[in-house]
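Could you slot chains E, C and X onto chain Y? The hints should help.
Number of protein chains: 4
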Amino acid sequence: MPDDKPRTNITSVAPGRIRVKGYDIAEMMGRKSFADVVYLILKGELPSSEEARMMDAILTSSIDHGVTPPSSLAARTIISGGNPLNAAVAGGILTIGESHGGAIEQCARILQEWAAKEGDPGKLADELLADMKTRGYRMPGYGHRLHQTDPRTVRLFAIADELKFSGKHQKLARAIEKTFADQGKPLPVNVDGAIGAVISDMGFDWRLGKGFFIISRTVGLVAQAHEERTREKPMRKLGISDYLYDGPQSRDL
Amino acid sequence: MPDDKPRTNITSVAPGRIRVKGYDIAEMMGRKSFADVVYLILKGELPSSEEARMMDAILTSSIDHGVTPPSSLAARTIISGGNPLNAAVAGGILTIGESHGGAIEQCARILQEWAAKEGDPGKLADELLADMKTRGYRMPGYGHRLHQTDPRTVRLFAIADELKFSGKHQKLARAIEKTFADQGKPLPVNVDGAIGAVISDMGFDWRLGKGFFIISRTVGLVAQAHEERTREKPMRKLGISDYLYDGPQSRDL
Amino acid sequence: MPDDKPRTNITSVAPGRIRVKGYDIAEMMGRKSFADVVYLILKGELPSSEEARMMDAILTSSIDHGVTPPSSLAARTIISGGNPLNAAVAGGILTIGESHGGAIEQCARILQEWAAKEGDPGKLADELLADMKTRGYRMPGYGHRLHQTDPRTVRLFAIADELKFSGKHQKLARAIEKTFADQGKPLPVNVDGAIGAVISDMGFDWRLGKGFFIISRTVGLVAQAHEERTREKPMRKLGISDYLYDGPQSRDL
Amino acid sequence: MPDDKPRTNITSVAPGRIRVKGYDIAEMMGRKSFADVVYLILKGELPSSEEARMMDAILTSSIDHGVTPPSSLAARTIISGGNPLNAAVAGGILTIGESHGGAIEQCARILQEWAAKEGDPGKLADELLADMKTRGYRMPGYGHRLHQTDPRTVRLFAIADELKFSGKHQKLARAIEKTFADQGKPLPVNVDGAIGAVISDMGFDWRLGKGFFIISRTVGLVAQAHEERTREKPMRKLGISDYLYDGPQSRDL
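Chains as they are written, first to last, in this note's numbering: chain Y, 243 to 495; chain E, 243 to 495; chain C, 243 to 495; chain X, 243 to 495.
A portion of the hints provided could be inaccurate.
[As the list claims (entries may be wrong)] Far from chain E by the CB rule (all over 12 Å, computed), these chain C residues:
#1 GLU293
#2 ARG387
#3 SER408
#4 TRP448
#5 LEU480
[To be verified] Reference excerpt, derived from the structure (chain X facing chain E, CB under 10 Å, subset only):
#6 GLY323
#7 ASN325
#8 PRO326
#9 LEU336
#10 GLY385
#11 HIS386
#12 GLY409
#13 PRO428
Bear in mind the hints are in silico, worked out from the structure with no lab data behind them.
These numbers come from a predicted model, not from an experiment.
Note that the Cβ used here is the ideal one computed from N, Cα and C, for glycine as well.
In isolation and in its complexed conformation, chain Y is listed as follows:
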């Protein structure tokens, strides 16, 4: 009985034919962008042009943050020990835990749970923060060690506004920021929180939150590990944060 077989709804493979969510992969090549197909495989349907542009912006936002994040450090350390590129990238992805990138899914989970209650965002935000305080939790997705205002957040919300993806989750996320400010805490939404809000307004399962970060940052990890391998000696002392940037200087699009 076919019901007994394990099931998958992602990709069907037969000799000469690979279909992702029903669409022939060879047909999509050259006609659909990579972000389109990322959207398809995670959401089940091809995106509208607005959804595709939003997806491109989300994936671009987290592509790299330089040499110092733990994931870069781990990837460089591993390739420096004389290991292949895939091991280095895998080690980098291993670091993407609750305290590094993990805020996306936790923030999205909380926004989805509370925004579902409907009601005035400001009032929901007050209740939500009071509830978290009572239970001894911190709201994930707010504040950043380096960026006072995260330029990626500002841009992500602006694009979401323009493309009409600023629904109840973004409203709640912004209301939380305002409640913090009213309490004298300058804790702006960071890029993790902004992604959490936008993917919630786009209808994604919050459990995929860390997945967006992983897909995006993998690219940066490939670049970081490749640079370590091609420019540095094996087993050098790593973990220094005072790097000299010697790539192309500031340039305009």
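For chains E, C and X alone, coordinates are given in the frame of chain Y:
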């Protein structure tokens, strides 16, 4: 002396400003596609529209190949053991070794070495295969367990032709296929070999070869691990290859 | 001020001298067993001969469980993809999550929390299970897919009895087993639960629970990956559970 | 036909009975040391008391080398990012590559290949080093960044001498050291080289070389990750090498 500091040429980070290869990441968001920025971080410059389209096709080609590849199996096994999404994806990427995805970089290395000699592709192909035979090596990037002719290869080469990226590396890759056929060996270029040829004609360092596969397949691994986590019980018997596909049926673009 | 420096209390290294918890590593070589030094690094003091023997028994208990556990499958899959031994073992260890080996630390945590209340073990066991039921949790460390009575559990408890390590945690663990039986549920303590009880009676931090399993099983993973690499072809179909054992037949000590 | 089934010669598992290389695991518990069983699973037979003592010394030698090795840095970075203990240890093991611990297997491979030629060790050493120089390779297992003379090497060879495990591989290893010295290069055998020589004289497959290091260092990685998790804040700046050791001061066995 600044020369003593370690250097990086990928990303510069300052409060409120993140630049990748000199371009402001917030400015690129909404104006550049994800594939554009992947190209930028790996190549150092933003792509032309032809280069961007070629990049989209390459990244789309390897996004997923179902439940059975070793990388899917490892990712599902790890999440099934009660681990977070990032650990599952990391385990999947760990499997992408010399025998799984690794053919891209080995094939690109050989094509770049031999195509640099200039000369008639057919003659070069004969010499190259004779040389490999003498040294006891197999040519990587040819033949596939399942696909007689790999639909992704056909499409990738067609797009490269259309966009004028079919240079001496693709010519050599096709000549090798012909030499095999003349020797009575039906070993068509597989998708790894095709990517190796196209990225060589686009001017990429062969050592990035596995990187393209990693960036692309990470998306499929997120989807595979997410499906395992949301549809199956922990610690189930894994490794079965006889899956029932119950996603959307064949559909046209 | 030295207080500002990060601190470590594990190992001090100077030219020509490595000390673990104050003891010279070269002096310990040849005079202390490996299990002695494992105990030292995890507990801070060298073990008595009883503690050393208990440690040897714990580490031996989980050294391997054949080809079918998820950790073996992941390690074999990774080395089969053409990766180095360390990547394979790392992938195996990645699978050791909440549902595979993770029961040790969860069981130890619960036993340490409840045994601290002092009181009749039977009564504590009843309360503990009622409490978990109310909160919708299952007691970790009980029942096994294959072994009705786990031979390793029986032996571990017998050794603990002989060496006087059967304190209040083991008493509680056994009382829980009895409560289950009284409720008509044949859920004997499994090896994870037994290790959780014994390390608790030995005074270990429950958060090290999974560490004992990792240290022990790493050995099996090296053996599994080495066998895959030396006896099988790359990229073979993995995940089959019906293996033929062709090693030495049953033999007595 | 049973011959078609995949085979394993490591562990056989049946309800209520687990046998490693034919020996009942429950029977070995309490009667055999952990190092005995490690020897059994890697070599196929239980060790003599000399072999067991040698094994204990090898595994003790590499158990930890403080906070600064790449494997410690990776393990701490990963747990600091908010990941479970197994992910941290896996990341540490991932770093154990060609340039970190990998010298054991490379050194063992070369010693086994050249010692098989039989002949005067000094003459073999000269030829071997001349051959490697011609081919542009460095001899692995010699020299150390920190230790002029590695105390673990001295001790390992002394124990091997005492237990009669100093055969032709150790003789060749020492002759290589002498040839280096005669050439004015102070490159003493380091601990990787010494382990490579001793396991070769004990009859182990050189491909298991890195396995000894992995089994041993996994213990240190558990300790390093546990310390990071219990003493430090998440996402702190890592990679500092100037640590204050605040554990027990020097003490005698």
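(request) May I ask you to check that SER408 (chain C) keeps its beta-carbon over 12 Å from the closest beta-carbon of chain E? (result) 29 Å, holds
(message) Quick check on HIS386 (chain X) please, does its C-beta sit within 10 Å of some C-beta on chain E?
(response) 23 Å, violated
(message) A closest beta-carbon separation below 10 Å is what the hint needs, so does PRO428 (chain X) meet it against chain E?
(response) 27 Å, violated
(request) Using Cβ atoms only, decide whether ASN325 (chain X) comes closer than 10 Å to chain E, and label the hint accordingly. (result) 7 Å, holds
(request) Say whether it holds or is violated: ARG387 (chain C) keeps its Cβ farther than 12 Å from all Cβ of chain E. (result) 8 Å, violated
(request) Taking the shortest Cβ-to-Cβ distance between TRP448 (chain C) and chain E, state whether it exceeds 12 Å. (result) Non-interface label on TRP448 (chain C) holds, nearest chain E Cβ at 17 Å vs cutoff 12 Å.
(message) Next item in the hint list is GLY323 (chain X). Is there a CB on chain E closer than 10 Å to its CB?
(response) 9 Å, holds
(request) Say whether it holds or is violated: LEU480 (chain C) keeps its Cβ farther than 12 Å from all Cβ of chain E. (result) 6 Å, violated
(request) Please verify that hint: GLY385 (chain X), Cβ, nearest Cβ of chain E, below 10 Å or not. (result) It is violated, given that the least Cβ distance between GLY385 (chain X) and chain E is near 23 Å, above 10 Å.
(request) Report holds or violated for the interface hint on GLY409 (chain X), using the least CB-CB distance to chain E and a cut-off of 10 Å. (result) 32 Å, violated
(request) Verify the interface restraint on PRO326 (chain X): the C-beta must sit less than 10 Å from at least one C-beta of chain E. (result) 7 Å, holds
(message) Can you verify the interface hint for LEU336 (chain X): is its Cβ closer than 10 Å to any Cβ in chain E?
(response) 8 Å, holds
The structure fails to meet hints 2, 5, 10, 11, 12 and 13 from the earlier list, while all remaining hints are met.
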